[in-house]
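Build out the structure end to end from the sequences listed, making use of the hints.
For the record, the sequence lines run as chains A and B.
Following my numbering, the residues of the first sequence are numbered contiguously, the last one being 84.
Following my numbering, the residues of the second sequence are numbered contiguously, the last one being 268.
These are calculated hints, taken from the structure and not from any lab test.
Be aware that a few hints might be false.
Said to hold, decoys possible - Just some of the chain B residues that point at chain A, by a computed CB distance under 7 Å:
#1 Val-149
#2 Asp-153
#3 Glu-185
#4 Glu-191
Stated by the list, open to error - Non-contacting residues of chain A with respect to chain B, defined by C-beta distances greater than 12 Å in every case (computed):
#5 Pro-40
#6 Leu-47
#7 Ile-54
#8 Glu-57
#9 Asp-58
#10 Glu-68
#11 Gly-69
#12 Glu-72
#13 Pro-81
C-beta atoms are modelled at their ideal positions from N, C-alpha and C, and glycine is treated no differently.
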Amino acid sequence: MGFLDYFRSEKKTSASVAKERLQVIVARERSHRGGPDYLPALQEDILAVIRGYIDIEDDAVRVQVEREGNCEVLELNVILPDTD
Amino acid sequence: MARIIVVTSGKGGVGKTTTSAAFGAGLARAGHRTVVVDFDVGLRNLDLIMGCERRVVYDFVNVINGEANLNQALIRDKRTEGLSILPASQTRDKDALTFEGVQTVLEGLAKDHDYIVCDSPAGIERGAHLAMYFADEALIVTNPEVSSVRDSDRVLGLLASKTRRAEQDDEPIREHLVITRYAPERVGKGEMLSVEDVCEILSIDLLGVIPESTAVLNASNSGVPVILEEKTDAGQAYDDVVARFLGEAREHRFIDEKKGLFGRLFKG
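Next up, the structure:
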C-alpha cells in the first residue's frame with residue numbers, strides 16, 4: 001500500500017458493489033435452478049398471501065426443491081421482519 | 001474421436017466469435033485438424049471475422065437440408081493448414097437448425113477432424129441450445145461486468161442440465177472460463193471486477209484472460225483471427241489459452257497493471 005492510500009476515502013469501490021450484487025443474485029438464481037418451472041410463480045403467490053397478514057420484504061420468501069434420495073422436498077423459508 | 005467444444009456466453013457482444021476464430025486457428029496451428037462451426041443462423045459473422053466471407057457458397061442449413069454435402073460447404077482456411085469453417089445460413093427461418101440435422105452434421109465432421117469448435121449465438125434460444133447440446137467441453141466467454149457474469153452463470157446452469165451429457169448422465173461437460181476485455185488498470189482503481197472476483201462467483205476453472213486491446217478490432221477489420229497477430233497482447237493471450245487447453249502449464253499474463261516509474265513510486 002502506498003502512502004497516497006491514506007488520502008483515499010473509505011468509500012466502497014463500484015467493483016466491490018458489483019461483486020456483492022452478483023453474489024446475491026447468482027445465489028438466488030441457482031436456488032431455483034433444476035427445480036420445476038412453477039417455483040417463481042409459487043413464490044410470488046406465497047409472498048402475496050403472507051403480505052395479507054404481515055409486511056415482509058420482497059426477498060423474504062425462499063422456495064426451493066431439495067432432492068433427498070427418492071423423495072423431493074419442497075422447502076419454504078420465510079424471513080419475518082424484526083419486531084420493534 | 002473428435003472433441004466438440006462450444007464457445008458460449010449467454011450475453012451478446014462479449015467476444016464469442018473472436019474467441020472461436022482465435023481458438024480454432026490456434027488448435028489448427030498446433031497441428032490438430034479443426035473446424036469452426038457458426039451456429040448463429042440469420043446473423044452469420046464468423047466468416048467475416050475469419051476473412052473468408054467471399055468464399056461462402058453453401059452453408060450449415062444447406063447441408064442439413066441435403067442441398068449440399070459437407071465437402072462443398074466447408075471452407076478451407078488459406079492461412080492456417082488444417083483449419084476449416086462451416087458458415088451459418090442467413091435464412092430468417094428460426095427452425096432451420098434441427099436437432100437431428102445438427103447431430104448428423106457433427107457426426108460427419110467428427111470423421112475427419114480432431115476438434116469441432118461450435119460458435120454459439122447469444123441468448124438461450126434454439127441456436128444456443130443446439131450449439132451446446134452435443135459438447136464435450138465449453139469455453140465460457142465472460143466480460144468482467146455484472147450482466148455478462150450473471151448470464152454466464154445462467155449458461156453454466158444450462159450446460160449442467162440441458163445437454164446430451166447431462167441427459168445421459170455421462171461425465172459432465174468440462175467448463176473453462178475465458179475472461180475477455182480485461183483492463184487491469186481499471187481493476188486497480190476498483191472500477192472493474194477482478195479475475196479473482198469473476199472466478200469466485202462462477203467457480204469454474206480459469207483458462208485465460210484476454211486484455212482489452214486495440215488488436216482485436218484491428219484483426220477483425222482485416223479478417224484475421226487475432227491469435228495470428230503474434231506480436232499483440234490479445235494474440236499472445238489467446239496463444240496461452242490454446243496452449244493451456246492442450247495441457248501446457250503457462251503463467252497468466254496481462255492481468256497486472258503496467259506500472260510506470262511514477263506509479264511504482266506512489267503505489268508500491
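**Asked** Looking back at the numbered hints, which does the structure fail to meet, lowest number first?
**Response** 3
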